[in-house]
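*Asks:* Below are the chains, spelled out letter by letter.
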Amino acid sequence: MSSRPKQNEKKNGTNYQTLMAALILTAGLALLIISMAVSIMYGAADIDFRTIWESLMDFNGSSSSHQIIRNLRIPRALAGAIIGAALAMSGAIMQGMTRNALASPSIMGVTAGAMFTMAIVLAIFPSASRMTMMLFAFAGAGVGTGMVFLVGTISKSGLTPVKLALAGTAVTALFTSISTAITIHYNIAKDISFWYAGGLSSIQWVHIKLLAPVAIVGFLVALLLGKSISALNLGEDVAKGLGQQTKVTKFIGTIVVLLLTGASVSVAGTIGFIGLVIPHITRFLVGSDYRILIPCSAVLGGILLVIADTVSRMINPPFETPVGTVTALIGVPFFLYLARNDGRTPS
Amino acid sequence: MKSYAKKNWSIAIILIIAIAAALLISLNTGVIKISPLEVFQTITGNGSGQNSMVLIHFRLPRMVMALLIGAGMALSGAILQSVTQNDLADPGIIGINAGAGCSVILYIYFFQDQMAASSDFSVFFMPLASLVGSTIAAVLIYAISWKDGVSPMRLILVGIGINSAFSALIIIFQLKMDPKDFTRATIWLNGSISGTDWTYVLTLLPWILILVPLTFMKAGTLNSIHFGDDVAAGLGTHVERERRILLLIAVALAGASVSVGGGIAFLGLVVPHLARKLVGPMHGASLPITALLGALLLLVADTIGRNILAPSEIPVGVVVSVVGGVYFLYLLMKS
Chain A
1 MSSRPKQNEK
11 KNGTNYQTLM
21 AALILTAGLA
31 LLIISMAVSI
41 MYGAADIDFR
51 TIWESLMDFN
61 GSSSSHQIIR
71 NLRIPRALAG
81 AIIGAALAMS
91 GAIMQGMTRN
101 ALASPSIMGV
111 TAGAMFTMAI
121 VLAIFPSASR
131 MTMMLFAFAG
141 AGVGTGMVFL
151 VGTISKSGLT
161 PVKLALAGTA
171 VTALFTSIST
181 AITIHYNIAK
191 DISFWYAGGL
201 SSIQWVHIKL
211 LAPVAIVGFL
221 VALLLGKSIS
231 ALNLGEDVAK
241 GLGQQTKVTK
251 FIGTIVVLLL
261 TGASVSVAGT
271 IGFIGLVIPH
281 ITRFLVGSDY
291 RILIPCSAVL
301 GGILLVIADT
311 VSRMINPPFE
321 TPVGTVTALI
331 GVPFFLYLAR
341 NDGRTPS
Chain B
1001 MKSYAKKNWS
1011 IAIILIIAIA
1021 AALLISLNTG
1031 VIKISPLEVF
1041 QTITGNGSGQ
1051 NSMVLIHFRL
1061 PRMVMALLIG
1071 AGMALSGAIL
1081 QSVTQNDLAD
1091 PGIIGINAGA
1101 GCSVILYIYF
1111 FQDQMAASSD
1121 FSVFFMPLAS
1131 LVGSTIAAVL
1141 IYAISWKDGV
1151 SPMRLILVGI
1161 GINSAFSALI
1171 IIFQLKMDPK
1181 DFTRATIWLN
1191 GSISGTDWTY
1201 VLTLLPWILI
1211 LVPLTFMKAG
1221 TLNSIHFGDD
1231 VAAGLGTHVE
1241 RERRILLLIA
1251 VALAGASVSV
1261 GGGIAFLGLV
1271 VPHLARKLVG
1281 PMHGASLPIT
1291 ALLGALLLLV
1301 ADTIGRNILA
1311 PSEIPVGVVV
1321 SVVGGVYFLY
1331 LLMKS
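Chains A and B, in that order, give the protein sequences.
The opening position of the first sequence corresponds to residue 1 in the working numbering, with each subsequent residue numbered one higher.
The opening position of the second sequence corresponds to residue 1001 in the working numbering, with each subsequent residue numbered one higher.
Honestly, I wouldn't trust all of these hints.
Under the rule of at most 27 Å between Cα atoms (straight-line distance), these lysine-lysine pairs were calculated in the DSS-like manner [stated by the list, open to error]:
id, chain 1, residue 1, chain 2, residue 2
1, A, K190, B, K1180
2, B, K1334, B, K1007
3, A, K156, B, K1007
4, B, K1176, A, K190
5, B, K1007, B, K1277
6, B, K1006, B, K1334
7, A, K247, B, K1334
8, A, K247, B, K1277
9, A, K156, B, K1277
10, A, K240, B, K1006
11, B, K1334, A, K156
12, A, K156, A, K209
Hints were generated in silico from the structure; no laboratory data involved.
This structure is a prediction, so every number in the text was calculated from the model and none was measured.
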């Protein structure tokens, strides 16, 4: 059984949603850039805006602030924006494809698969480099998604939305519990939890180089998919009636989710909340046209992660609070408010 | 129709036989092996002191506990899936487990040191903390979703939010723990029924004895609510009031079970699906089968969990997910 949020079908609702979408795509983008700037300025060493500008325009290799900005702060802010956007878009695609409000990339076996291979690597080669771990995480993400997809495809009635979601949940539970057993047995529960809790703390350019191309391809395909997912969200039959190749859409959608989430997870661990909740928040604000919903989710996801990452550095310096928890703590009140009001503005 | 009912009865009987068999096997296995004959002698009062100690004080309460928790969690999931009209709903996904987990973590974090000396006392307080936490989560979900009634969709969305918030708090406090407490907390969060004795069984038993028959009596209401609010209202169901009662039952079942068993994931989600596959969607048949299957699955999982890597134990929730998950995937592929 699938269920979707109640849509606001009042006429002024549609106007409000269009306005909201325009606002998110313009002011939201501006806010994203501002929050990235703040993220770059704030840290163990506070750096003023002029120095940041200089480091970009007139780089001085012997200045330590320029070095920090170029090599640590900028990649970190960039990663926040890319990963936040990627996770939010993945979530939107998953919810649209499965027509289930509880669907999210972490339910598709992507994160659980990544965590599984990470647990194995940490148990067998505790000293593995970050790059090795990243590659294994990405492979694990692929294995997880592959299994979900395989189960869906093998089954007689094919890849129905409910089946996709159920298979995803089962594979996730399976991998998560095996990883837990491994971590308890090898006594690495705490090590892996730090990774699992997610974080952008040691992001460097090398990660951006890996993340960016995957993300760009993912973004573009996700944007192109918008129309097909809107149709799918109305139901399989409607989509077919509209001349959709629903199987192709689902296949491409799954691959995009794998790429976007897999790349994010392998770089930053599992950052919960964004993939599940940002699409809902966006849907409350702009409605369920996925051509608009997907890019708006991306902007909001990016903003939330960059801000949460900055806050996570402020809470208890010099220690960092896991960013996934900060995203949840910032986002939950807002989300609950919207959920309670079915997305309507207070009147 | 008649053969249909007959089929359901035979499935129920097969499950009961399977549970009996699992009980026998579970009694015989463990770190200390006890043969069936010795089990018989012990139960009739003629066993050795050590055997009766192991059987009566450790193994038996634990097995009874597994049966009770399994039935409770599974039924809770079945109710939630029907009330929210969502196939992915279970006590874990809408924040009941996380609420319980959060208060247990807070308890371990703040009071563990003071309690360490009197460990019996401290162990007894974990279930209490957990019950308080799951109740708080449930009250929060219902209060925030309430607005001229509670729509299923709003319930799920608010549940997601509450779950995220509690999970975040869990991580924050867990990461501040020392490794020993951390592992302890991880094991609890993943569900574990080790260290059970008859006191716990007696704490949980009244809940199950009252709530399970109550759930069965609500089968008709669940049937009509499952078809959607409008249909249910058309059939004369007092939808809002019934939904509140059903939610209350589901939360009480999950809360009581989680309080003694920890956050056993997946059981509440998967067992109702398995039951529906066996006997169809009508709750009159599917609820009893759900309870039996849940009890069987948890008993088998716990027996495996305490034997496979003995003497170190795997949290029973982990075994449930592996055993249940593989079987569930197999069923999905076949359907």
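*Asks:* Taking each numbered hint in turn, which are not upheld by the structure, reported in ascending numerical order?
*Replies:* Of the numbered hints given earlier, those the structure breaks are 10, 12, listed in rising order.
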